[in-house]
Each structure stands twice: as C-alpha cells, then as structure tokens.
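S.K.: If you want the building blocks of each chain, they are given just below.
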Amino acid sequence: MSALLQVRDLTVALQMDSGPREVITGTSLEIGEGEAMGLVGESGSGKSMTAKAIARLLPDGAKVTGSVTFDGTDVLALTGDALLKHRAQVAVVFQDPRAHINPVRRIRDFMTEALRILDDVPKAEATRKAADALEEVGIDDPAKRLKQFPHELSGGMLQRVMIATALLSEPRLLLADECTTALDVTTQAEVMAILDELRRDRGLSMLFITHDLELAGAVCDRTCVMYAGQVVETRAASRLHQDPLHPYSAALVQARPDISSTAQRLVAIPGRPVSAFEAPSGCRFAPRCPHVLESCRSQEQILDQLDGGIVRCARATELRGRLLDGAHA
Amino acid sequence: MPEAVSTPDGGPVLSVRGLRKVFGTQVAVDAVTFDLLPGRSLAIVGESGSGKTTVARMIVGLEKPTAGEITACGRDRSKPARRGAERKLRGREVQIVFQDPYSSLDPRQSGAALIDEVLRVHHDHSVTDRKRIVGELAEIVGLDQRQINAMPKALSGGQRQRVAIARALATDPRVLILDESVAALDVSIQAQVLNVLADIRDERGISYVLISHDLAVVRQLTEDAIVMQRGVVVEQGRTPDILDAPQHAYTQMLRASVPGPGWKPQRMRERLLRAEPATE
Amino acid sequence: MSAEILDPIAEVEEAAPSRRRLRKIGIIGWVSVGVIAVALLLAIFGPIFRPFDPNASDLSFANVGPYGSHILGFDGQGRDVLSRLMVGARTTVLGAAFVALIAVTIGTSLAIVTAWFGGKIDASLSAGLDVLFAFPGILLAVVAAAVFGPSLFSAGLALAIAYSPYVARVLRGAALKQRAMTYIAALEVQGFGAWRLCVRHLLPNISSLIVAQGTILFGFAMVDLAAISFLGLGVQSPQADWGVMVSEGKTGLLQGYPIVSLAAVLCIVGVVAAVSFLGERLDASSKDVRR
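Protein chains in written order, with the working numbering: chain A, 1 to 329; chain B, 1001 to 1280; chain C, 2001 to 2291.
Please keep in mind that the hints were generated in silico from the structure rather than gathered at the bench.
Keep in mind the model is a prediction, meaning the values are calculated, not measured.
Incorrect hints may have been included.
Unchecked claim - With a cut-off of at most 20 Å between alpha-carbon atoms, the simulated EDC-like pairs for lysine to aspartate or glutamate come out as follows:
(1) A/K147 / A/E170
(2) B/K1264 / A/D258
(3) C/K2024 / A/D17
Next up, chain A with everything else stripped away, as it sits in the complex (with noise of 0.2 Å):
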C-alpha cells in the first residue's frame, strides 16, 4: 500500500504575543490509500495542529518546517489554483459545524458552492448531486432540507451535512477534527457509521482525530497518539488498547472509567497535559510518568520500531506487558 500522505519531521511554531512557540516538533507519520488513522491526544499535544498544517490552514506567521507529501506533491510549496485542488482532494470536517457555515445562505448554497465555482458545475446538476450526497448521510426529504438556512437543522443533520459537503468535491482524503465532539452521543454513534461507511465505499483515507481513544479505535485501522507536540505511539488500532506501548497511551486507557464495573479509583497519573513549548527536554512525559528513571530526563527519546508498532520510550521493551498493571515499575 503506497503512502498517500507522508508527513515528515513536521515542525511548527506559532507566532505569539511573547514570541514563537513550538506546538508540533519532528512529528512524521503515513497514511495509505484507503486507510483510516486515529489521531490521539490532549490539549497542547499538537493534534487539530498537525490536520492543519496537512490542510495549509494554520494561522499567520506559522513557521513550519518538514515536509507533508499528498500523493507526490509538497504541500507546503502550494499556491493557488495548485492549492485550490488539493484542498479538493483533501476534506477537512470540523468539530463546530456552525462555526464553518453561514448563517444566512441557504443549505444548498453551501453545499453546490465549490461545485460551481471550481467545476463550473450547471447549477440544477450540482443541486441534484447535493440532494444525492444528503440522502447518502441518511437526511431524509433532502429536497426540503437543501432549501433551509442551518439554524433550522440541528447539530447533528447540520454535521451531517458537513460531512455530505466534505464528499461533493470526491477527496481522497478527509480530515476529521474532533468531527463529533460536540454531539450526543446517540448522535455520534451514528454520525460515526455513516462516516466509516461512504469512507469503505469509496475507499477514502481518513485522518481521525480525537480526544477519546475507544472511539479511534472502533473506526480506525490504525491509532497515533501524541503528546507534547510528538508522535509518542503509533499502532494498530485494536491492539492500542489491549497492549499499549508508551506509559502516556497506557496512561490514556487507564484514565477512562469502566462502563461495566465501578472501580475503587481510577488510576490517574499526576500533572496537566503540556504544549511542546511548555515541556522539557528529554522525554516529555518524564514529569508525569510512573516509570520515569534519572536517564528519562537526560535522553532524547526517539521513535523505535516495537512488535508492529512504533513507541517513542527508552524503556518501552522493558516495560512491555506491564503497562496496564497499575503498578509503578
């Protein structure tokens, strides 16, 4: 399976008030064709960052470094009606849809918009492909719905209709950014179906990315999570929660409650997540790892290849199997 997107040592600072800050250092990852990867983490760990550096959507005065290849072409080196295709090819679903959508067009306005304009699509055609793709993320009467303004859906059909919107142009890749985050979670489960579903159908690539590890895992071939700003982890997604690699993805599954026990406590590790430029050097998660050691601090830690996975721990070997223990080492 050849590598549809490669992002390689991206590094990217943001400008601020009190000067640049790091927010992602040396993060690399791969999606092929077809495949879905989860994208894992907290706040500062530089996930919604990394979709949109891969987008081109990060603020002003960004600096980024690395490189992020879609399909052969650098990314980064796009301009104009260059980049006008490949934010066709790469569909970006946001986590507040009222937040990308204007409040006083009417749905099919929004929908037949980039189909108009950059397809020079007839305008009854694109209506007809808009009603089709809203029949597909299961929005019955579409017809009616193409004419109503989104304060009369609610967040959930109006999600629906981003992500109906996000197919029109036929991406190769869609990004999903904490896509349902803000929904019920009835809503959710079935906002999730209907993505993994036209995803398979049509062979999409998918870069999911979330807060909440048992969601990436259900819909996601394989699971990346990061912390800090770096890949800590990456793995097959069924296997992530059963045999994690890294302590902070152990971490991660031990933190959510049991659905079906109540346990005395839950095993939490101390300290708040951090941004990159916020944490030290040597490994990130020393300060809040139950197995840290005095070398923890002092080293670099690096991404090692481990039983089909990739980790970014020094200890990672040794502390295979025992992770979930809840024990400190």
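Position chains B and C against the provided structure of chain A, taking the given hints into account.
M.R.: Frame of chain A, contents of chains B and C only:
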C-alpha cells in the same frame, strides 16, 4: 448564628416529586420523581433536550418549577426563597459545580479570595479560622498554596474545576450537584478530578447528583440513576442494573452508542424513519 | 453536553497584565498622556500659577499681539490670553469630567439594573431610554438654560442626562453577558444577594468598558460644553472658559486677529484628541493580546 443545616435521620436528603417545568408552550420537564439518600449518589442521564440540566437548575433555585415539590434536608424549596437568610440556608444545603471551568469563576478573584468571601457571607468565623478552612479545602481538592492564591487565568481547566469544587464545599453542603462537571476536562485530568470527588464523598458523606451523558463516569461515581428523554424519566434504578441490562428502548440505544472494545458504530435506520426534530 | 475540547493555543494565551498593556500604547499614547496631564494640572492649579489676572482688563491693549511677558497677547477686552486659557481650563476640563462622571454613573446603574432583572423592567427601562435618545444633548441644555437660567451646572447636568442612554445601551450588552456567566449563577446558589453580586462581581468585570465609555464621553462633553458656552447658555462671560473664549474671540476673528479663538479651539481640540487617542490605544493594546 446562622441556622444550622439538619439532616433527617434515615429519610432522603433530597426528594423530588412530580417536578414540571414549562417554558412558554414547551414542556422541558414533566413528572420527574426521585429520592436521594444520604451518602448515596444519583445520576441523571440524558442527552441534549432531555431536561436534565433544567432539573438541576430547579433544585438549586436558578429556575422556578411550574409544578411539583422539591425537598432538601427535610425542608421544602419548591418556591423561590423570599428572605436572604432563607437563600443562604438553602445555599448551605445544596451546592452545584458547573460544566464550563472557564466561566464558572470570577476572573478577578483568586480561589482563596472567593472561598473567603463565601465564608464571610455565611458565617462569622474569625480571619484565622477562615484562612484555616481555605487551606483545608485546598488540600482536599488537591491544590497547593500557590494555586489556591492564583488568579483563574493562571489556572488550567482541571485546576479551575478544583477551585469550583472547593467553593461548593465551603459551607459543607449535604448535596452536591455536578452538572457535567468533568465533561470539559482532558481525560487524564478527568480521572484526577473523579478521584478527588470520590475521596470527598468518602470523607464527608456528601451525596452527589451527577448530571451526565457519559455512562462510564456515571458508573464510576453513582449507585442509582434515572434516565431522561425529552423531559420525562424513561427508566430508573440502580446504576449497574441500568447499564448492564437496560430495559427501555432509549436506554438501550444510549448504552449501544458507547464506544468500547469490539464496538462498531451502527446506523440506526429507525431514527431516520421517525421525524427527527428540527432543533435538538 | 459533550466535551468541548479546549484549543491548546487559547489555553496558553493569557490576557496581558496591565503593565504590559501600558507599554504598548506607543508614542501617540504617551504624547496623549502628556497632554491630558498638562490639562489636568492646569485645571487644578491654573488659577494659582497664571501669570496675570485673567479678568484685569486694559482696553488700550485690546487685540494686541504677543508683548513682553504676555506670550499670547491680549483679547478684545485687553485681558491676558494665556492667563485666561490657564484659568479657563478649570471650567472646561473639570466641567467635561463632571458630565462624563455623572453620565457614566447614571448609565452604568441603568445598565446593571436592566441586565440583572431582565423581563419587564428591562423592557420598560429600555423603552424609556429610547425616548431619551431622541433628544440631542445641546437641545436639552438649551431647555435647561431656559428653565433654570444659563449656568455651567444646568448645562452640564442636561448633557449628562442626554448622554446616559448611550452609556446604558453599550454597558447593558456587557452586563447581560456577565449576568449569563456561570460564576454569577454559582454565587447566586451560594446565597449571595443581588446587591453584592452586582457591585462586587458584575461591576468590576465590566469596569474596563466603563472607563472606556467615560473617556469617550469626556471628549464629547468637552466639545458640547464649549459649544453651549459659545452660545452663551453655559459658562457666562466674563468668566474664563475655553468655549466662552472662542465666542469672545469672534469679533477679533473678523478683524483679522484670530489668536484668542484659535488658541481656545486648539486647546479644546488638543485635549479631546488626546483623550480619544489614548482611549483607542488602550483599547487596541488590550485586543492585541488575544488573537
């Protein structure tokens, strides 16, 4: 001396009967009835539009019930408090921690100043006593001296929620309502705060009413639960029973929507055939 | 509801402490501060440090230009212009400050009351304010002069009343926003009364907006008061006041001797511009921080 809070022996510390709230023509809550026993915790589970937050607001007096009765610590609170003394007494019985850590603290007040003000309003402790209590509360919620004296903008979401919890505990309430209080927190921080809440309950015997859509958190923190959909209670009982063997179709659908090992999202076509409301 | 995942960048960016904000007001900001400081000093100490008696009239020097230690010359009545400017600062500057203060006080109180109680009280008070909006400040001042006789006090009070709806309108929005915040709800549940909540929690959180409104109104008040005095309905000649001086210099202007009116106008424009620039720079620097 301000009136002391009394707990009825054996009886429920919070009791709700036939609670109903109508906004204009819309029925937000109807026929809600439940009891909260001392030392036990109850979850109110639901999604948006279920009315769970409205129920919470009515219990703490932020919303006036259209009909029904609310009794806390043996005293009726179905009607809004008239006198300041009554309002304060109610504030010592039932307290609340809200969801959003970023708007639930006055940006101009440190945690210590906030708790100090709450104590001054309610009791006539001396300055030294107040300082001692602030220190004790900070310790209970796991904040150090620097953090409790810091301004909210210097604190993270999890730290702010701890301040909010400390504030709620300042007057030693019998009931604490947690309105999605951990929903906006990072997963690793959520675990810390849930542990803090469990410790507080063990130490103080306080009863929780947990408003949440997150069934795993509900399992962790509560013994009893009621499930609400569109303003009415569709199922109630012990939390393990409701989660392991849900009886009502809606509860079953809720339970089936939770990601977990081996879970795959299902398209539920029945929902499509039912006319989905235009706004949830 | 479900989790709102916090943008890590928003989490990290804090509002700049006031110190840092002050440093950013730039050269224009600092020049404005200087001008305002001079105006305030004159307003307070002008009558003490003026070189000559502002009311000492010597008609043989009428409309004579700079002469010896009379740096700005004489006005149409032979009075020293510089001294009159220095003394006039008091009524002009303090008068405008008085108007701004009263207007802000009335406006803030109305805004908080309407925001706090909402419902019918909000509706009726807002309607009342809408009626008041219809009256331009100067018109009300003219009416006040007609009813109570022309004076700085009646003109100032009329202006303050005419300005309050503007303040109330702007602050009502901010007050409503604070009212809806959960920290107010949390303290309500804590048993805090409306007075404590409004005065100790709501008010401080809209204070920067109140100060901004005050500075804006100061500028308007100064110009309006000068206009009213120019019309003879405010400060009465021969008392020194910049607006009065503009009027007094009218005949001199026609005779090709502009210095009296011009000096007074420049003083007014200078102070109003300084206040505007400073207000704008302070506002911009507080916005710079949050991108």
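S.K.: Hints first: check each against the structure and report whether it holds.
M.R.: Comparing the hints with the structure gives:
no.	hint	verdict
1	A/K147 / A/E170	23 Å, violated
2	B/K1264 / A/D258	17 Å, holds
3	C/K2024 / A/D17	12 Å, holds
Consistency with the previously given hints fails for number 1 only.
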